[in-house]
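Engineer: Each chain, written out:
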Amino acid sequence: MTDVAVVGFAQAPHVRETEGTTNGVEMLVPVFQELFARTGLSKRDIGFWCSGSSDYLAGRAFSFVSAVDAIGAYPPINESHVEADAAWALYEAWVKIQTGEVDTALVYGFGKSSAGQLRRVLALQLDPYLVAPLWPDSVGIAGMQARLGLDSGLWTERDMAEVVARSRAAAVDNPHAQLAGQVEVDDLLTEPYFVDPLRKHDCAPITDGAAAIILAAGEKAREIAARPAWITGFAHRVDTPHIGARDLTTSPSTVAAAKAAGIDGVEVAELHAPFSHQEILLRQALGLGDAVRVNPSGGPLAGNPMFAGGLIRIGEAAGAVMGGAAGRVLAHATSGPALQQNLVCVMEGRE
Amino acid sequence: MTRPLSAPLDIGFDYTRSLGPTLGRFMTALAERRIEGMRGSDGRVFVPPAEYDPVTAEPLTEPVEVGQEGTVLTWSWIAEPLEGQPLDRPFAWALVRLDGADTAMLHAVDAGSPEAMRTGMRVRVRWAEETAGHIRDIACFEPLDAPERPRPEPAPAEPVTMVTTPVHLHYQHSASAEESRFLRALTEGRVVGQRCPVCGKVYVPPRGACPTDGVPTTDEVELPDRGTVTTFCIVNVPYLGQRIPTPYVAAYILLDGADIAFQHLVLGCDAKEVRMGMRVEAVWKPREQWGPTLENIDHFRPTGEPDAPYESYAQHL
Numbered sequence: 001m002t003d004v005a006v007v008g009f010a011q012a013p014h015v016r017e018t019e020g021t022t023n024g025v026e027m028l029v030p031v032f033q034e035l036f037a038r039t040g041l042s043k044r045d046i047g048f049w050c051s052g053s054s055d056y057l058a059g060r061a062f063s064f065v066s067a068v069d070a071i072g073a074y075p076p077i078n079e080s081h082v083e084a085d086a087a088w089a090l091y092e093a094w095v096k097i098q099t100g101e102v103d104t105a106l107v108y109g110f111g112k113s114s115a116g117q118l119r120r121v122l123a124l125q126l127d128p129y130l131v132a133p134l135w136p137d138s139v140g141i142a143g144m145q146a147r148l149g150l151d152s153g154l155w156t157e158r159d160m161a162e163v164v165a166r167s168r169a170a171a172v173d174n175p176h177a178q179l180a181g182q183v184e185v186d187d188l189l190t191e192p193y194f195v196d197p198l199r200k201h202d203c204a205p206i207t208d209g210a211a212a213i214i215l216a217a218g219e220k221a222r223e224i225a226a227r228p229a230w231i232t233g234f235a236h237r238v239d240t241p242h243i244g245a246r247d248l249t250t251s252p253s254t255v256a257a258a259k260a261a262g263i264d265g266v267e268v269a270e271l272h273a274p275f276s277h278q279e280i281l282l283r284q285a286l287g288l289g290d291a292v293r294v295n296p297s298g299g300p301l302a303g304n305p306m307f308a309g310g311l312i313r314i315g316e317a318a319g320a321v322m323g324g325a326a327g328r329v330l331a332h333a334t335s336g337p338a339l340q341q342n343l344v345c346v347m348e349g350r351e
Numbered sequence: 001m002t003r004p005l006s007a008p009l010d011i012g013f014d015y016t017r018s019l020g021p022t023l024g025r026f027m028t029a030l031a032e033r034r035i036e037g038m039r040g041s042d043g044r045v046f047v048p049p050a051e052y053d054p055v056t057a058e059p060l061t062e063p064v065e066v067g068q069e070g071t072v073l074t075w076s077w078i079a080e081p082l083e084g085q086p087l088d089r090p091f092a093w094a095l096v097r098l099d100g101a102d103t104a105m106l107h108a109v110d111a112g113s114p115e116a117m118r119t120g121m122r123v124r125v126r127w128a129e130e131t132a133g134h135i136r137d138i139a140c141f142e143p144l145d146a147p148e149r150p151r152p153e154p155a156p157a158e159p160v161t162m163v164t165t166p167v168h169l170h171y172q173h174s175a176s177a178e179e180s181r182f183l184r185a186l187t188e189g190r191v192v193g194q195r196c197p198v199c200g201k202v203y204v205p206p207r208g209a210c211p212t213d214g215v216p217t218t219d220e221v222e223l224p225d226r227g228t229v230t231t232f233c234i235v236n237v238p239y240l241g242q243r244i245p246t247p248y249v250a251a252y253i254l255l256d257g258a259d260i261a262f263q264h265l266v267l268g269c270d271a272k273e274v275r276m277g278m279r280v281e282a283v284w285k286p287r288e289q290w291g292p293t294l295e296n297i298d299h300f301r302p303t304g305e306p307d308a309p310y311e312s313y314a315q316h317l
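Chains as they are written, first to last, in UniProt numbering: chain A, 1 to 351; chain B, 1 to 317.
No lab work stands behind these hints: they were computed from the structure. Heads up, some of the hints might be wrong.
[Unchecked claim] Example chain B residues on the side facing chain A (calculated, C-beta under 10 Å, incomplete): (1) A104; (2) A108; (3) P114; (4) V167; (5) H170.
[Said to hold, decoys possible] Restraint-style ranges between C-beta atoms, simulated for each label pair: (6) B/D10 with A/E219: 50 to 56 Å; (7) B/E69 with A/E34: 56 to 62 Å; (8) B/A314 with A/G327: 32 to 38 Å; (9) A/T190 with B/R190: 56 to 62 Å; (10) B/P154 with A/Y193: 35 to 41 Å.
The C-beta atom is built at its ideal place from N, Cα and C for all residues, glycine as well.
Please take these sequences and the hints and turn them into a complete structure.
Structural biologist: Structure (structure tokens):
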């Protein structure tokens, strides 16, 4: 296996609504510029480009092709796209580097979640024969999952509110965060239900945003970054689309991906949990002890740009390594209803 | 600074899908107001049916009819239903395990209020007035203590092989700041492009970023409404929504001073006279019909000037 590391990460501010287009160009151009300034690279140094986004989110066909304008794709570039969170685009780029064809890759994700009604748009990721025709919204499905855990004693509404309070407090130090500040758990618990048993603060906000990561192999990575975040394990797995046949109180695909990636000894975990109970579920499924710092960036509850949110978890976790705050970290990304598809990326610093 | 232009964008499409043997059988049973699951490799009964076992991936072939009453395993309360959902009054989403099944079906429960919902409660199917072989033949579930509605006698249905699901989505579509300036200039009868500060190329419509250099395009350039046909096609095939009688010419037109061509119509001459290099000018609609759209230009027509030499537009093809 070729040693591959994250050597740079940049992201757009997380905001409730941008005035920009759904092809992401306005958000991506400054993100690329910041990333190149930080790494000292230019677009000509990038061997492979891969993006994650969704036409359903954008409400137009081939929105990712328009996004290529942000790159300045001349001379012609080596490029690919996944209709998924850009964490999966990062996986494709990592595989591409493993083939030996390239030694650098730039991965980006973008989403203007505010353009449509996000809860409805996400119904279209469900089984198109048996489920999507009923338009089950993403919050309604998450609510059913939350209640299963409440009923079986795996978490309480107070536990969920504590996740929210911790996320908002941690996000105070995150200049990109959409929601940050000191909130009291008791106050949160007096809020009315939004989709019983979920309150609004249990749900990640609707966020427009974009992010990008540069990967590099071996010596190249050492040239670019003083302390690259070396990827030591990377895997993704999926659970059945038959939602009523899954055990929704855990996440077998996360457990399987973590086993394949090898997560022992992580000090920081950035978990892509768009609902408060899912952070608890993931901690339990991954067996993360109290010593592991979870979502020091604030996590998705502080801002969750669709199709970039998973990539941002990897970028934030890598940042903890590159900045020297941690030696070994875990990043998780999710896709699909109620944590159906999950990716785990483990990174570490080397002296 | 003026906000970029934006407008509602409504998208609608009927997704038509073929069903295959397993789902076809399930949908046919629904049309007959019956529910059929499928036995999995480990003996579990899947409702709705699985085509392949989720664990072993074995193809599954043993249908099992199950009951029309079941148990709520979990639920969430939708106080404000969204467009397209099974009920237009507050309802619960629930995972319902039907009697005889081992897995749960996601559907709506018409319970009136969240106080009437609880995990473990018993519910039964409420059938739609008319069935068609679609998941929505189940209108919703209702608590067992709800008054039972008269149920039509089950009658054999024709085998169902296809399912059609209309999808309607609503967006607020935004033009970029540059596109907005372009569209606003059109309302004044002007055509505005933008020059890339790095390569000097002029884009019309302006794009926000130079696709060659990846930098924001900042310098505005006013362009004339005449140019050159770089390439074209003659449309002979009638299609749905066609507004111009065939044959007509759709052409790429490179405005003088621009570095990218855009598509428009060339009318005002016989279709077979249109050629690469032909010089054309805009024919504007009457001013009172102008809006923020390139449709203010009704079409382009030949100017009668000598053709532009091939070299003048060769790099724009």
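Engineer: Given a hinted range of 32 to 38 Å, is it respected by the beta-carbon distance of B/A314 and A/G327?
Structural biologist: violated (58 Å)
Engineer: Less than 10 Å between beta-carbons is the criterion; does B/H170 satisfy it with respect to chain A?
Structural biologist: holds (6 Å)
Engineer: Checking hints one by one. Is B/A108 an interface residue toward chain A, by the C-beta closer than 10 Å rule?
Structural biologist: At 7 Å from the nearest chain A Cβ, B/A108 passes the 10 Å test, so the hint holds.
Engineer: Hint B/P114 vs chain A: min CB-CB distance below 10 Å?
Structural biologist: Holds: closest Cβ of chain A sits about 5 Å from B/P114, inside 10 Å.
Engineer: Would the hint on B/V167 stand, with a C-beta cut-off of 10 Å toward chain A?
Structural biologist: holds (7 Å)
Engineer: Are B/E69 and A/E34 spaced within 56 to 62 Å by their CB atoms?
Structural biologist: Between B/E69 and A/E34, where Cβ atoms are some 59 Å apart, the hint holds.
Engineer: Regarding B/D10 and A/E219, is the given constraint of 50 to 56 Å on their beta-carbon distance met?
Structural biologist: Because 53 Å falls inside the window, the suggested range holds.
Engineer: Are B/A104 and chain A close enough, Cβ to Cβ, to be under 10 Å, as the hint says?
Structural biologist: holds (3 Å)
Engineer: Do the Cβ positions of A/T190 and B/R190 conform to the proposed distance bound of 56 to 62 Å?
Structural biologist: Distance hint for A/T190, B/R190 holds at roughly 57 Å.
Engineer: Using the C-beta atoms of B/P154 and A/Y193, is the stated range 35 to 41 Å upheld?
Structural biologist: holds (39 Å)
The structure fails hint 8 only (numbered hints given earlier).
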